[in-house]
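Visitor: Keeping their order, the protein sequence lines are chains W and Y. Take the position in the first sequence, starting the count at 1, then add 483; the result is the number in the numbering used here. Take the position in the second sequence, starting the count at 1, then add 52; the result is the number in the numbering used here.
Hints listed in this document are in silico derivations from the structure and should not be mistaken for laboratory results. The beta-carbon is built from N, C-alpha and C at its ideal position, and this holds for glycine as well. It is possible that some hints are incorrect.
Incomplete in silico selection of chain W near chain Y, CB under 7 Å [to be verified]: (1) Pro524; (2) Ile744; (3) Trp746; (4) Tyr749; (5) Tyr759; (6) Arg763; (7) Asn767; (8) Lys1064; (9) Gly1066; (10) Asp1068; (11) Lys1069; (12) Gly1070; (13) Glu1074.
Quick list of in silico lysine-lysine cross-link-like pairs, DSS-like style, CA-CA up to 25 Å [to be verified]: (14) Lys1073/W / Lys245/Y; (15) Lys745/W / Lys228/Y; (16) Lys1064/W / Lys154/Y; (17) Lys1057/W / Lys75/Y; (18) Lys745/W / Lys154/Y; (19) Lys876/W / Lys833/W; (20) Lys58/Y / Lys1064/W; (21) Lys980/W / Lys758/W; (22) Lys154/Y / Lys1057/W; (23) Lys1064/W / Lys284/Y; (24) Lys1015/W / Lys865/W; (25) Lys910/W / Lys128/Y; (26) Lys128/Y / Lys1073/W; (27) Lys176/Y / Lys758/W; (28) Lys758/W / Lys168/Y; (29) Lys75/Y / Lys1077/W; (30) Lys128/Y / Lys1143/W; (31) Lys128/Y / Lys1064/W; (32) Lys862/W / Lys913/W; (33) Lys132/Y / Lys758/W; (34) Lys876/W / Lys907/W; (35) Lys527/W / Lys565/W; (36) Lys132/Y / Lys745/W; (37) Lys1078/W / Lys128/Y; (38) Lys66/Y / Lys1064/W; (39) Lys1057/W / Lys128/Y; (40) Lys228/Y / Lys284/Y.
The residues making up each chain are set out below.
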Amino acid sequence: MFLKIVRRSFTNMRDSYLIYVLACSFAIGIFSVLLSLVDNPKLKTNISIWSSGFANITLFFSILFIFCAFVYMGFVGGFFIKQQAHEFKTFDKFGMSRFTILIIGFIQTMLVQLVSWVIGILIALIFQKFFGMLLLYLMGVKSGFSFLFTSNTFNLLIQIGIYSTLVFSVMNSFRVNRLLKDKNNKKISSRFYLRIPAGFLGVLFFISGLFVTIVLISDIKDNQTNQVMQQLIFLFVAYLLGSYLIYFGFLPSLLTILQHIKWIAYTGINVFSFKYFKERLIRNNSVLWFITELSSLALILLSICYFSYQTAYSNYLYAHPFELTANQYTVKDIKNDLKENNSQITREYKTTVKTTVVKRGSNGEIIPGTFMSYSDYQKLPKSNVAKNPKISKNQFLILDFGYNVSGYNFKKPDTAVVSVKNAKQIKSDKIGSAFPYGSTMYQGLMIIAPDNYYNKLQADVKNTFYGWFFKDGDKLTHKQFKKLDKQEYTRGVLIKKADNLNDTKLSAVHEPKHYQGEIFMDSNYSRQKTAKIQVDQISGFGIFIVALFSVALLIALGSVLTLKLLLRDDSEWKQLRTLNKIGVDKGEIKEIVKKETIYTFVIPIVFAVMQSYIVIALIGRFSAMTMIVPFILINLCYIALYGIIGFVTYLISWRSVDQKLN
Amino acid sequence: MQIIVKNIAKDYGKRFNAVHAIKDIGLEVKQGEFLGIMGPSGAGKSTLLNIISTNERPDHGQVLIDGIDMTQLHDKDQAKYRRNKMGFIYQNFELLDSLNVKENIILPMALRHASKRLIEQSFKHMTRLLNIEELSKRNVDDLSLGQKQIVAAARALINGPEILFADEPTGSLDSKSATILLNYMQLINDKEKTTILMATHDAFTASYCSRVVFVKDGIIFSEVVNPGDRNKFFEQIINMQRTIGGGSYFNVSKNS
Ligand SMILES: Nc1ncnc2c1ncn2[C@@H]1O[C@H](COP(=O)(O)OP(=O)(O)OP(=O)(O)O)[C@@H](O)[C@H]1O
Ligand SMILES: [Mg+2]
């Protein structure tokens, strides 16, 4: 008896259950994979920071992930109970004991949950290797991944599965109980005295939110920070509240107004569809709102992730523009090593520089200034200096971290003034931050000077920089690298300040111990690969996590919408069938289904995209980087994926309507 | 509108527990005829009406309306035909419960893209005629069965259909409303030559028809033609019902 009822409800809603089970088992599968990666020995041995850092982060993310999944399951699980409200109430009327009905709800939920867990764990077992390999690949680690599920993980998974299943089943029994208790058939009240002002307010909030965003984006340059905080808080409130009120008030009111304009409403199917859409909208407004906000959150997070990745990557490029860089102190060793290893050099560069004392105009700081001549600068690879402004042969180019660190946007003056010891003061509006041999190779400023200025300049210290590109990497062995590493910060310059800049002395120092004055140590070599490994690992790991989360989010949000569309209640079904009976052809009903799908998917996305423009203002505040293009690309990808889900939903939705019509 | 039904048959369900709702029915309905269909419950009356009105396709046979074979038309053309030429009073009313009474009634007109003025005009006319003016803003869900039925009738009639299908149109009505409705149906049958096909259990209702066919177990059992005198016709119908069994309260026991 029980089983018969349960089986019938499964067959009646099989499309919806299928989607729900797939979404749940996907989430469970990912969770299991993440959990099993935490103590995977292959990762521990191959990735040096796995045990110390990544393992804990993975654990944290897996917990976060399953938490979100639980919220989803709890929330969406309720849809099915609601769907059967009519049936349960009928059982109640027939005198079936309430307890029996609760048990039916319980068994139904339990079966679905258990099936999801079993499938989820199977997915994890099958795809763990794939995900592990994907992770290693993204992290740039060239090594195999071996499948491993410790019994520990397995037990943990089974326990979580059983407990959560029980919790959700009990939760749904409570839902059934509440449903049975509440006797009066709740008709959605329209309450338009409330909805119209609320909708008006919502639109006002939303538009003012958009306006503030535009203001934020357009005058990023000069704005006090606390004012920005205020604006952001305002935006937050305005958007959250505004979009809710729009769903609650504005859209239903709009449909009502349309419905009252007779020459629109009384033509064709509109008589029906306006009211139908309105009912569905009112019923689903909190879900739509929730999805809007989560989508914009997802868009913002994706943009921020991309931005952080870009920042990390460009910082690393600033530090290491050549694959290998040396100066006059290390060049001999390195050349020997390269020859020994038969490294294939594709391009080789060499530039002499002069270092003297300079005074930075913006803060009066006395620091070393390293000069390079214009013609030497021109010979360097274009890619190394592409981010710097172009100069002609009579112009100065000032390269300074203090003016513009990649990523952090301090007040950037339009012109830099630099006083130079025993030479003419330099004034230039060409300011950059891409140091041709990498930012670690010298301290202080680097100035690209016209040839005759450079030739006349007296150098306190001279140095030569070397840079190489290779065909298959530098092939330095571990031992050679260790030897080189010892020399990293052994040389530098010492500044002995005097009252007058011209009397200030700068000299080279070696392994400084007890010198009087200010010491600036240079790195004597820089190797791209070392930094690259770490950048690759961190960004690979980040991409892995972000990708999993965004796919999961997309699936979750998409499936909520899909389910909301699929789960029409009896009266809604009947209405579509009735329409067909009195002469509305299937094409027009298909049109209704199509429009409904489009509205349900498009409206949240449109609001979400508008809201997510905050991120441009947000990032623009901290960085000179323009995020517009990647931001738009991220949005487009998101919209495209959403569109696919929407299209599939439309197909499924129409299929189910079509079946019922026959 | 002349309707010719040729040897239609319709089964429901799968092979082993199939129900032969209609076994073999042939029927000819002349333009402007008011045809009654009677028979015990489950005889296939509704099914027959559904097939003629193109809501369902027969397994065999043809339905010719003015020489057009309706069974060969596409879904879309069938729907168009239903919308433009036919009116329906369904046994279970088939009202749209998200719409109010007025919207339900005007729906067929709106579907035909009639002008606003015409819609309002016809609506007023119809509701006054059927005495349901005060219902117009009400929610369909809250109506009584009888009220629903009369609303359904209003919806069927508002377009001035060429063929009216009425499945138990008076089943839930009090005798006064039933008489009003039946008189109106007779009126449009007379004046506008509307062809009417009406299924009913009720001999009094059937006595308004010009001819009554009796259906039993999916075939036409016999028919009675109105001799011009309603009382006499009523007698004939009652007698026929007795021979067939079912349909009328005093011979239910015989049938069970
Ligand atoms: N959709 C359906 N699926 C399966 N069987 C059906 C379906 N519709 C009708 N039937 C069966 O076909 C037979 C004829 O049904 P129909 O509704 O035509 O009877 P009826 O003469 O209208 O009866 P009533 O007087 O009770 O309205 C019945 O046995 C019924 O059970
Ligand atoms: Mg019937």
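Visitor: If you check each hint against the structure, which ones fail?
Guide: Hints 1, 2, 6, 7, 13, 14, 15, 17, 21, 23, 25, 29 and 35 are the ones this structure does not satisfy, whereas the remaining hints hold.
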